[in-house]
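In case you want the letters, here they are:
Number of protein chains: 2
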Amino acid sequence: MPVIDCLQYANWSESIFRQMRAGGVDAVHVTIAYHENFRETVLNIEKWNRWFEQFPQLIFHGRSGDDVRKAEAEGRTAIFFGFQNPSPIEDDIGLVEICHTLGARFMQLTYNNQSLLATGCYEAEDTGITRMGRQVIAEMNRVGMVIDMSHSAERSTLEAIEQSSRPIAITHANPHWWHPALRNKSDTVLRVLTSSGGMLGFSLYPHHLKDGSACTLESFTTMIAEAASRYGAENLGLGSDLCQDQPDTVVTWMRNGRWTRQTDYGEGSANNAGFPPQPAWFNDNRDFANIRDGLAARGFSPSEIDGLMGGNWLRFFDDSFGPAA
Amino acid sequence: MPVIDCLQYANWSESIFRQMRAGGVDAVHVTIAYHENFRETVLNIEKWNRWFEQFPQLIFHGRSGDDVRKAEAEGRTAIFFGFQNPSPIEDDIGLVEICHTLGARFMQLTYNNQSLLATGCYEAEDTGITRMGRQVIAEMNRVGMVIDMSHSAERSTLEAIEQSSRPIAITHANPHWWHPALRNKSDTVLRVLTSSGGMLGFSLYPHHLKDGSACTLESFTTMIAEAASRYGAENLGLGSDLCQDQPDTVVTWMRNGRWTRQTDYGEGSANNAGFPPQPAWFNDNRDFANIRDGLAARGFSPSEIDGLMGGNWLRFFDDSFGPAA
Numbered sequence: 005m006p007v008i009d010c011l012q013y014a015n016w017s018e019s020i021f022r023q024m025r026a027g028g029v030d031a032v033h034v035t036i037a038y039h040e041n042f043r044e045t046v047l048n049i050e051k052w053n054r055w056f057e058q059f060p061q062l063i064f065h066g067r068s069g070d071d072v073r074k075a076e077a078e079g080r081t082a083i084f085f086g087f088q089n090p091s092p093i094e095d096d097i098g099l100v101e102i103c104h105t106l107g108a109r110f111m112q113l114t115y116n117n118q119s120l121l122a123t124g125c126y127e128a129e130d131t132g133i134t135r136m137g138r139q140v141i142a143e144m145n146r147v148g149m150v151i152d153m154s155h156s157a158e159r160s161t162l163e164a165i166e167q168s169s170r171p172i173a174i175t176h177a178n179p180h181w182w183h184p185a186l187r188n189k190s191d192t193v194l195r196v197l198t199s200s201g202g203m204l205g206f207s208l209y210p211h212h213l214k215d216g217s218a219c220t221l222e223s224f225t226t227m228i229a230e231a232a233s234r235y236g237a238e239n240l241g242l243g244s245d246l247c248q249d250q251p252d253t254v255v256t257w258m259r260n261g262r263w264t265r266q267t268d269y270g271e272g273s274a275n276n277a278g279f280p281p282q283p284a285w286f287n288d289n290r291d292f293a294n295i296r297d298g299l300a301a302r303g304f305s306p307s308e309i310d311g312l313m314g315g316n317w318l319r320f321f322d323d324s325f326g327p328a329a
Numbered sequence: 005m006p007v008i009d010c011l012q013y014a015n016w017s018e019s020i021f022r023q024m025r026a027g028g029v030d031a032v033h034v035t036i037a038y039h040e041n042f043r044e045t046v047l048n049i050e051k052w053n054r055w056f057e058q059f060p061q062l063i064f065h066g067r068s069g070d071d072v073r074k075a076e077a078e079g080r081t082a083i084f085f086g087f088q089n090p091s092p093i094e095d096d097i098g099l100v101e102i103c104h105t106l107g108a109r110f111m112q113l114t115y116n117n118q119s120l121l122a123t124g125c126y127e128a129e130d131t132g133i134t135r136m137g138r139q140v141i142a143e144m145n146r147v148g149m150v151i152d153m154s155h156s157a158e159r160s161t162l163e164a165i166e167q168s169s170r171p172i173a174i175t176h177a178n179p180h181w182w183h184p185a186l187r188n189k190s191d192t193v194l195r196v197l198t199s200s201g202g203m204l205g206f207s208l209y210p211h212h213l214k215d216g217s218a219c220t221l222e223s224f225t226t227m228i229a230e231a232a233s234r235y236g237a238e239n240l241g242l243g244s245d246l247c248q249d250q251p252d253t254v255v256t257w258m259r260n261g262r263w264t265r266q267t268d269y270g271e272g273s274a275n276n277a278g279f280p281p282q283p284a285w286f287n288d289n290r291d292f293a294n295i296r297d298g299l300a301a302r303g304f305s306p307s308e309i310d311g312l313m314g315g316n317w318l319r320f321f322d323d324s325f326g327p328a329a
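Here the protein sequences come in this chain order: L and P.
Under this note's numbering, the first residue of the first sequence is numbered 5, with each subsequent residue one higher.
Under this note's numbering, the first residue of the second sequence is numbered 5, with each subsequent residue one higher.
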């Protein structure tokens with residue numbers, strides 16, 4: 005069974021690609037746009053094309069579940085593109101299919117703020133899915149692009165699940181009942197998400213962890229055990245939100261894009277504005293074995309562990325990335 | 005063996021797609037950009053995506069030689085995208101691969117004028133392939149996008165053939181020795197083109213025909229026979245340049261884009277500015293049988309006719325549209 009991490013946004017380099025191989029990571033969903041418009045997103049894809057050309061023995065562009073199997077068989081890592089914001093499709097619904105053709109497989113309908121499609125988790129009021137949002141959900145369903153509500157507000161998330169004809173994902177967040185961060189998800193959302201076939205990827209970003217950077221592996225796996233009992237282990241996976249080797253200017257960009265003149269600190273604060281340190285047991289792509297060991301110590305069965313480490317995402321990829329039946 | 009037309013730019017409609025089926029046309033290389041920049045070209049692809057969605061029983065997006073075989077087997081027409089100008093890649097070589105991913109399989113290095121890459125056939129001086137042109141030729145070779153020199157000047161064409169590591173095409177033009185139009189090609193160019201494995205598609209655009217709209221089928225097929233004896237029948241096919249149902253404003257756009265304030269009449273004139281009438285024996289996609297009959301009457305063998313009507317292009321598609329070996 006493959007190891008799949010369903011969200012990373014590292015400062016990509018040969019060193020990180022080698023760590024993916026060292027950690028036996030078969031597939032990674034990478035963010036290629038936070039606030040970029042279409043043309044800027046294409047420039048980011050061009051950068052990835054150069055990495056694919058430069059490091060073909062380490063990585064390649066993944067487009068389907070079978071590409072994960074190919075990666076596993078060939079000892080490489082399949083890279084799947086995703087957007088954290090719908091900015092790449094601008095106001096043009098035709099760009100959904102264009103972006104899918106270019107390889108995008110996930111798109112968040114919002115990133116913290118109100119978008120043209122839905123409401124983000126930092127807005128004071130959540131008005132749910134917009135007129136355009138409803139159309140874009142149908143188009144994403146048609147072409148096989150996954151709706152990701154990781155940074156969306158509660159009502160918008162519930163409406164997206166309801167309006168989508170295919171299961172959606174929250175690629176990187178944790179349950180609010182474990183750690184009541186604004187970005188973590190309510191029990192209601194997680195029940196509706198998973199009971200409709202959707203997937204939750206557990207985040208390892210310290211602001212999403214109980215006790216932050218000091219979170220223990222035991223606390224993390226105990227939370228997963230509770231989530232498995234509530235939502236079914238088969239609907240759960242990992243979405244580490246690993247932002248490795250990024251300078252703090254990047255988290256400022258993620259939070260502020262070009263939408264504000266006042267600095268927004270997101271989950272941080274003026275005194276703690278940068279990337280928080282990772283927990284000791286998950287620093288980079290080489291540490292997935294720690295999580296596997298932690299799940300085993302917590303009493304998960306081998307087949308449950310295989311599912312949590314990647315098998316569940318693989319099933320979801322198989323069902324989600326092609327055109328609607 | 006399939007029927008392939010290697011250049012059309014019609015005012016696309018269900019009616020024309022039905023005529024393609026009525027004429028047994030298995031594949032068409034369609035122009036999707038004359039002067040459009042990247043974003044505008046993407047909008048044109050979006051239009052095609054809607055047609056593919058609306059008329060799946062008539063057409064689909066072709067990407068490989070096997071898609072021609074699929075079209076033939078399923079009684080549909082495979083549509084291959086091409087650019088008549090390098091404007092879609094702007095000044096960004098990374099857009100060659102992006103456009104290939106989006107389905108572009110042919111790109112002219114110039115359209116009449118000097119471009120960033122080479123010299124067009126209407127310029128007073130031809131300085132050959134530019135610095136960027138050399139790089140773009142190598143990139144097109146790498147990803148599998150065909151260099152098309154239909155509207156390019158002599159020296160630029162010869163240099164493109166020489167610099168390209170893969171055979172190139174002149175998708176729509178005729179021999180200058182048959183009809184000395186500026187757009188028709190010298191014997192030298194056609195010899196160098198075909199002896200390097202390149203393909204010539206015979207144009208049915210009246211300005212490229214001896215006696216224009218009054219050109220006879222016999223004159224056309226006699227020219228093909230002479231071309232076959234000089235260049236080998238296996239390097240020849242059709243590229244009708246059919247601009248069906250287009251208003252005359254479109255030929256004005258083709259000639260003038262947004263590069264001039266003075267009107268350029270191209271192959272026409274102030275008194276004859278519009279699209280010329282097609283010859284009686286080739287009005288639209290239903291008339292390919294006339295050409296087949298004409299070739300038979302002219303004494304071509306059945307296998308030569310199969311090659312000229314599409315088999316030769318199919319071989320070229322097979323060899324040209326994938327990444328370099």
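Rather than coming from a laboratory, the hints here were simulated on the basis of the structure.
The model shown is predicted, which means the values in this text are computed figures rather than measured ones.
Treat the hints with caution; some may be incorrect.
Said to hold, decoys possible - Okay, the calculated beta carbon distance ranges per label pair:
1) P:Pro281 / L:Asn41: 41 to 51 Å
2) P:Thr267 / L:Asp96: 45 to 55 Å
3) P:Thr267 / L:Gln266: 46 to 56 Å
4) P:Ala218 / L:Ser169: 22 to 32 Å
5) P:Ala274 / L:Asp70: 42 to 52 Å
6) L:Asn41 / P:Ala277: 58 to 68 Å
7) L:Lys51 / P:Glu57: 23 to 33 Å
To be verified - Away from chain P, derived, C-beta distances all over 12 Å, residues of chain L:
8) Arg54
9) Asp70
10) Asp323
Stated by the list, open to error - Derived EDC-like pairs: lysine to aspartate or glutamate, alpha-carbon spacing no greater than 16 Å straight-line:
11) L:Lys51 / L:Glu40
12) P:Lys74 / P:Glu230
13) L:Lys74 / L:Glu308
14) P:Lys51 / P:Glu18
15) P:Lys51 / P:Glu40
16) L:Lys51 / P:Asp322
17) P:Lys51 / L:Glu57
18) P:Lys214 / P:Glu230
19) P:Lys51 / L:Asp96
Where a beta carbon is used, it is the ideal one built from N, C-alpha and C, also for glycine.
* Taking the numbered hints from earlier one at a time, note which ones the structure violates and give those numbers from smallest to largest. => Checked against the structure, the hints that fail are numbers 2, 4, 5, 6, 8, 12, 13, 16, 17, while the rest are satisfied.
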